[in-house]
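Visitor: Protein chains in written order, with the numbering used here: chain X, 209 to 447; chain D, 209 to 447; chain S, 209 to 447; chain R, 209 to 447; chain A, 209 to 447; chain F, 209 to 447.
Simulated from the structure, these hints should not be mistaken for laboratory data.
Note that the Cβ used here is the ideal one computed from N, Cα and C, for glycine as well.
Mixed in with the good hints, there may be bad ones.
[To be verified] Simulated restraints on C-beta separations:
1. S/K213 to R/K213: 44 to 52 Å
2. D/S275 to X/N249: 35 to 43 Å
3. F/P214 to S/A439: 56 to 64 Å
4. A/G236 to X/S275: 28 to 36 Å
5. D/R280 to R/V408: 54 to 62 Å
6. F/R435 to A/E415: 54 to 62 Å
7. F/R271 to D/L278: 27 to 35 Å
8. A/E289 to D/A401: 40 to 48 Å
6 protein chains.
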Amino acid sequence: MSPLKPETRQKLMGVSTATLCTALFKRGLSHQFIQNVRPLNAGLPNMVGEAYTLRYMPAREDRNPISVFLDRAHPQRKAVEECPPGAVLVIDSRKDARAASAGGILVSRLMKRGVAGIVSDGGFRDSPDIARLPFPVYHQRPAAPTNLTLHEAIDINVPIGCGDAPVFPGDVIVGDGEGVVVIPAHLADEVAAEAFEMTVFEDFVQEQVMQGRSILGLYPPTDEQSRIDFAAWRKAKGR
Amino acid sequence: MSPLKPETRQKLMGVSTATLCTALFKRGLSHQFIQNVRPLNAGLPNMVGEAYTLRYMPAREDRNPISVFLDRAHPQRKAVEECPPGAVLVIDSRKDARAASAGGILVSRLMKRGVAGIVSDGGFRDSPDIARLPFPVYHQRPAAPTNLTLHEAIDINVPIGCGDAPVFPGDVIVGDGEGVVVIPAHLADEVAAEAFEMTVFEDFVQEQVMQGRSILGLYPPTDEQSRIDFAAWRKAKGR
Amino acid sequence: MSPLKPETRQKLMGVSTATLCTALFKRGLSHQFIQNVRPLNAGLPNMVGEAYTLRYMPAREDRNPISVFLDRAHPQRKAVEECPPGAVLVIDSRKDARAASAGGILVSRLMKRGVAGIVSDGGFRDSPDIARLPFPVYHQRPAAPTNLTLHEAIDINVPIGCGDAPVFPGDVIVGDGEGVVVIPAHLADEVAAEAFEMTVFEDFVQEQVMQGRSILGLYPPTDEQSRIDFAAWRKAKGR
Amino acid sequence: MSPLKPETRQKLMGVSTATLCTALFKRGLSHQFIQNVRPLNAGLPNMVGEAYTLRYMPAREDRNPISVFLDRAHPQRKAVEECPPGAVLVIDSRKDARAASAGGILVSRLMKRGVAGIVSDGGFRDSPDIARLPFPVYHQRPAAPTNLTLHEAIDINVPIGCGDAPVFPGDVIVGDGEGVVVIPAHLADEVAAEAFEMTVFEDFVQEQVMQGRSILGLYPPTDEQSRIDFAAWRKAKGR
Amino acid sequence: MSPLKPETRQKLMGVSTATLCTALFKRGLSHQFIQNVRPLNAGLPNMVGEAYTLRYMPAREDRNPISVFLDRAHPQRKAVEECPPGAVLVIDSRKDARAASAGGILVSRLMKRGVAGIVSDGGFRDSPDIARLPFPVYHQRPAAPTNLTLHEAIDINVPIGCGDAPVFPGDVIVGDGEGVVVIPAHLADEVAAEAFEMTVFEDFVQEQVMQGRSILGLYPPTDEQSRIDFAAWRKAKGR
Amino acid sequence: MSPLKPETRQKLMGVSTATLCTALFKRGLSHQFIQNVRPLNAGLPNMVGEAYTLRYMPAREDRNPISVFLDRAHPQRKAVEECPPGAVLVIDSRKDARAASAGGILVSRLMKRGVAGIVSDGGFRDSPDIARLPFPVYHQRPAAPTNLTLHEAIDINVPIGCGDAPVFPGDVIVGDGEGVVVIPAHLADEVAAEAFEMTVFEDFVQEQVMQGRSILGLYPPTDEQSRIDFAAWRKAKGR
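Chain X with its partners taken away, still in its complex shape (with noise of 0.2 Å):
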């Protein structure tokens, strides 16, 4: 897994997922949005980090009575210690959150170990303690039953699908107040640049919009006097 670059990181954490969904889009990538998620806690920073992946399978019940977890080697938590600081926990719950993928203490000590955060298709337990926590956690809705009531841990950091999307290992993960995107990684660089020159446009069009301004020419800019106000903006606010 080759490494996140900082400036890209940095980037990555002043754009939105819209914004990189189109730059996905354009390139020919339209699944990457991961489906039916949402933040627990608000008003977070983006999240951003290359991804480590849990996969979920069915849970049979003779191989999932509680004391599994009397196994330090079990693979949930396994991973919630191994998961590298920076990177992105992102778990296969198969779309079902009927049981949680995790709890809350898990979550805290993915926290305290200093990775980046944490995105299921299922539903965290614990999810009021989660909310309060200022780290960025992303689920279907919340789920009381212990995991082992329908999931048992099975693969660490192979290929999955989360919400739909494709995730590979380092693929890089970015959340924000609207959902989960996931950039292939050999694209990160070239995507994080792009949104970022795509929000500068943007944040310009916006305050255009706000001033009264029609899209229409400007949005795209498709009217020259489009491109040199924006000229004009960009220099004067130096960006």
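Given chain X, put chains D, S, R, A and F in place with the hints provided.
Guide: Same frame as chain X, now just chains D, S, R, A and F:
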């Protein structure tokens, strides 16, 4: 489209979608609530306006590259510039929130143009930005991918479905903190009047209930005393 | 129905639905969490009470005109007036939130009567008003249409399903910021006691984790040291 | 339960569920078709009989070990032995086909007892065996797991929902190759009579259409000539 | 609408929807298969024809009494009489099969008029009768309730969605025992030609595989020998 | 993988998935039935074999052009050539039938190689051709689009989920006309033996029921006479 009377609009600003649904139910209309949409921004006054519609169909890839927006006549952009002030833009997104119906810039433009609000049975992108606008916006859930990913805007101001409700151009759309209801144009005045009256009575009932009174005989007022009390209350309150 | 013991109620006020689900899971019960309901009003203490149930069936139009509420014995109104103080009204709405299970006035009446809370696997109307009451209310999503549109109240205090969970009259219902769990009546005391103990330990673990300790050997406490530390912590905290 | 008149039963044997739905729609009833069930065995005459109902709730594991069937009074077994000959057993399985509503042996017993048929909005097990019986059986899809896995039979002959349709004991149930419709008991005679007449006309129309005639003016018969032709056809056919 | 060339129609009669989907996939089109529809009548030749569309919206009760069919210009009836011979009537029923898209008489009329087939992403009524017609009909599942219950026909021959596929009037519709695919009009000739060639090769491969040959090197023909064998086979077969 | 004993395979050829589900339920296993799959080809003997698994993840467009099949080591093709004779290929398609899991040629190859059958919780393409093969194939519904549209084959013979059931390589898969059940490898012998015995008894019961006997006391045989009769019947039948 007969314009919405100011006094009707005024009444509709002060009643709930729940009360309106009951008034419509009494007239045999039971599919007028737009199912499964919610406001992005809480605490706003009611959204009231005549429906101006936009119909989306599934996107075919060859017709929906990013370059389509270079066309100033693209129906989505056209709708945003032509939706009348005071109207509500209602989008038929086929209940598909996997890609956006529109984003923050277009929504801002609608707000600046004096449009009364926007509703989609899909999802909006830039939802955290939209949530900060003093403008009523309703959708199913956030959706970062550009609309081109799955939607093609194909028709403006034709009859549509939105959240399983029938919407005809000119129908009166009312949204509150609960959701959005569609009042057929020809019923708007009488439904507004009836709902306004119902609201006065419900305010009385709510006050009585909070003082400890039973609902039996009061709601509905089958006891003579309830009607006497209501008359007195109404007089005292000047309503 | 054996009354809920005050000390059991007290314990249940201080534990989470997540912890209760684990205690139930250990006893072989894995369907006791009411799926897909959420609190309308955050920040309240736990909801705890014995289940008093109301069963809805699909509405047949000729049996459900608005005039049915003129009948004081209508099961919905009857349930609202007869649900015992301290109990939780649990409604089987067949997971159908397209029409309301009840509205703000009935919910207010329940609150005033000293009922402990209300749960429906459908939706409530007047949800913005309900959200301002200091009263625990759980549902799937807001629903403005009157219940008569799709629901007929048909049975009071019979065994029902709610959000795929089995609910028997007298079962103990606990709700928190995450959701709602159903404890079989005969297990209430022992499950409350066990969950209470688990909560003490989890509070210790959470504190340790927030101080940087690994979960391995701590959660569960397979390391002898963890158990020693916990004993000391508990003594120090007086818990 | 007033017994179904033989002539009504006879008429209902000869009409389709589609025609019956139209007759009910004309009376303001639009939820009487049991959604999403299909016959296991094609080519049988219509199923006609009064509803005898069985209500399932979600199974709680401790109440539903395999040994419950040692109890001769178990509601599922009781229903199978007590459903009156000529009646239709209608099961409310909460549209959940992940576990069986019943299996081949119980269905065979119903057939031998002279019951008119069985409907569940869940699934039956032993479906290949059932498909070979000369007995009308309708369900959503096959389900091999025993009913105890997810269903507990809790009530006999109470009002229920089945496939989103309201079913009261004594309602008249009609099934054909398309599905199953529920006729409120008090409407059975008139709806049967009307549907019988409609069927004569539709047979005429179908014959005309197959001979190349346009539907305009014929269906409905807005052209005078259509009514004349129908009268002549009817006379010639002796219907 | 440019007419479908006879040789293109002829080729499309002999290829599968699976092969056509692959040819479309190679051109970047991945949403052209109408999802979740199936043929009512097995064993027919392919359905091939240009799309003639009908759009349904949610029904509003006051606009959809049974009497609307007295109007000869009702869009549903009009579409049935005006759909050109050789075309396929494609109905956008918003994937809602709770009420019918049409019934046996209308379908019979289409057949007699020489229409090539009919597709709805909802359901047809009189499905057992329809299943006996030598006419290709595709839907989601049977639906006895009259279309007026939930659908209002509102537009003829406009672009629609059907089963999540985009359908433009004049697109070429092909159905087989598997389902229905939509070929954009401008691609019909080239896609038909390519699929025709692919089918010859796949027939060869299938024959080889049934004789025990491995797919490696054969499918696709990465081994030189596979290509040699195919050339010989083709010559021998005269294809 | 310990090989499946011939006598166990033989027993499993003669029992139903329903009976096997009951035997598993008695052992506390309630998620072993693969939900929502059906056989394409009726009238075949049971499918019995050890699971050989293939895992699909969501397809990323840049990794899944049509050219990937030029690679002989592509996991889908590899699985088809390496799945052992006598085994069942089980595919985790994430319950997504919008694109194919495989097509007729690959299925034919599996059949020729002596594989026991194939199951996917998605859909197969070329389903009409597959339906004519004397080979057990189970899926959710037909799907013409190539698997590359939505699926990337990523792992061979790892633990997977299929139709919400846990499947481990080597588990014993049994399919009949109803569906498919997964027997944990270590339980195969005892479950087969028990189901075989249960089947003898159920055949006796079915015969008795068809002769008019009540199920009470017979099924289960709580009456002493039932056990006596069964013993006699068994002796007479030589089973």
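Visitor: It remains to establish, for every hint, whether it holds in the given structure.
Guide: Do the hints match the structure? See the list:
1. S/K213 to R/K213: 44 to 52 Å: violated, 57 Å
2. D/S275 to X/N249: 35 to 43 Å: holds, 38 Å
3. F/P214 to S/A439: 56 to 64 Å: For F/P214 and S/A439 the Cβ distance comes to about 58 Å; the hint holds.
4. A/G236 to X/S275: 28 to 36 Å: violated, 52 Å
5. D/R280 to R/V408: 54 to 62 Å: holds, 60 Å
6. F/R435 to A/E415: 54 to 62 Å: Cβ of F/R435 to Cβ of A/E415: about 57 Å, so the range 54 to 62 Å holds.
7. F/R271 to D/L278: 27 to 35 Å: With Cβ atoms ~30 Å apart, the hint holds.
8. A/E289 to D/A401: 40 to 48 Å: Check passed, 43 Å falls within 40 to 48 Å.
Hints 1, 4 from the earlier list are contradicted by this structure; the remaining hints agree with it.
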